[in-house]
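As a plain string of letters, each chain reads:
Number of protein chains: 2
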Amino acid sequence: MTQLENVTVQAQANVYFDGKCVSHTVLLADGTRKTVGVVLAAALTFGTEAPETMEVVGGSCRVRLAGSEDWTEYAEGSSFDVPANSSFDIEVDERFDYICSYG
Amino acid sequence: MTQLENVTVQAQANVYFDGKCVSHTVLLADGTRKTVGVVLAAALTFGTEAPETMEVVGGSCRVRLAGSEDWTEYAEGSSFDVPANSSFDIEVDERFDYICSYG
Chain A
3 MTQLENVTVQ AQANVYFDGK CVSHTVLLAD GTRKTVGVVL AAALTFGTEA
53 PETMEVVGGS CRVRLAGSED WTEYAEGSSF DVPANSSFDI EVDERFDYIC
103 SYG
Chain B
3 MTQLENVTVQ AQANVYFDGK CVSHTVLLAD GTRKTVGVVL AAALTFGTEA
53 PETMEVVGGS CRVRLAGSED WTEYAEGSSF DVPANSSFDI EVDERFDYIC
103 SYG
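Here the protein sequences line up with chains A and B, keeping their order.
The opening residue of the first sequence carries number 3 in the working numbering; numbering runs sequentially from there.
The opening residue of the second sequence carries number 3 in the working numbering; numbering runs sequentially from there.
In case anyone wonders, no lab produced these hints; they're calculated from the structure.
All values derive from a computational prediction rather than experimental measurement.
Hints are supplied without guarantee of correctness; some may be wrong.
Claimed, not checked - Chain A is faced by these chain B residues, among others (derived, beta-carbon under 7 Å):
1) Thr4
2) Val9
3) Gly60
Stated by the list, open to error - Pairwise CB distance ranges, derived in the manner of DEER restraints:
4) A:Gly105 <-> B:Gly79: 31 to 39 Å
5) B:Arg66 <-> A:Gly69: 48 to 56 Å
6) A:Gly69 <-> B:Ser88: 52 to 60 Å
7) B:Glu75 <-> A:Tyr18: 22 to 30 Å
8) A:Asp20 <-> B:Thr47: 16 to 24 Å
Beta carbons are placed, not taken as given, at the ideal position from N, Cα and C, and that holds for glycine.
Required output: the full structure, derived from the provided sequences and hints.
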């Protein structure tokens with residue numbers, strides 16, 4: 003099971019899209035911020051500010067980056083990058099557990 | 003903001019009641035397990051195995067312990083205890099962020 007060690011976790015959750023996406027913020031020892039989260043069955047569009055790397059730690063999803071017409075499926079163990087100030091469409095059939103890194 | 007420091011966080015979420023409750027498991031340095039989670043607007047019944055202490059770190063809830071007829075409201079900064087092998091009814095109007103400790 004994927005885990006992040008020697009970190010600080012913020013107890014208040016981040017809730018998006020009426021709870022279709024819930025995450026908790028994690029601070030690494032060096033101050034780097036990540037989030038661990040889950041997207042439940044849904045079709046959503048997320049915007050980015052910083053560039054993001056989404057690492058799939060459970061389940062799967064289909065992703066279409068802004069400006070692309072192609073959907074790509076990502077399963078556990080894979081990851082995808084999203085540019086800064088962009089967006090991506092995501093479709094989840096069951097659930098998609100992730101670690102999101104920024105910048 | 004309440005946070006847990008020097009911990010390990012498991013990246014896969016715990017999802018209950020179709021996502022009305024989502025938590026992440028946290029391991030303290032001494033091996034103690036806690037969960038940080040959120041309950042969204044819902045009326046639910048949770049069962050316990052180990053005794054639980056629920057610390058309200060955001061939002062509020064109303065709770066009725068098994069065997070009681072009384073509902074008690076808990077707001078941020080308060081906590082409630084649930085015996086082992088028991089259950090409690092919980093009503094949340096907006097959201098209820100918690101840290102759950104076991105045993």
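Consistency of the hints with the structure:
no., hint, in the structure
1, Thr4, "holds (4 Å)"
2, Val9, "holds (6 Å)"
3, Gly60, "holds (5 Å)"
4, A:Gly105 <-> B:Gly79: 31 to 39 Å, "holds (33 Å)"
5, B:Arg66 <-> A:Gly69: 48 to 56 Å, "holds (52 Å)"
6, A:Gly69 <-> B:Ser88: 52 to 60 Å, "holds (54 Å)"
7, B:Glu75 <-> A:Tyr18: 22 to 30 Å, "holds (27 Å)"
8, A:Asp20 <-> B:Thr47: 16 to 24 Å, "holds (22 Å)"
Taken one by one, the earlier hints all hold for this structure without exception.
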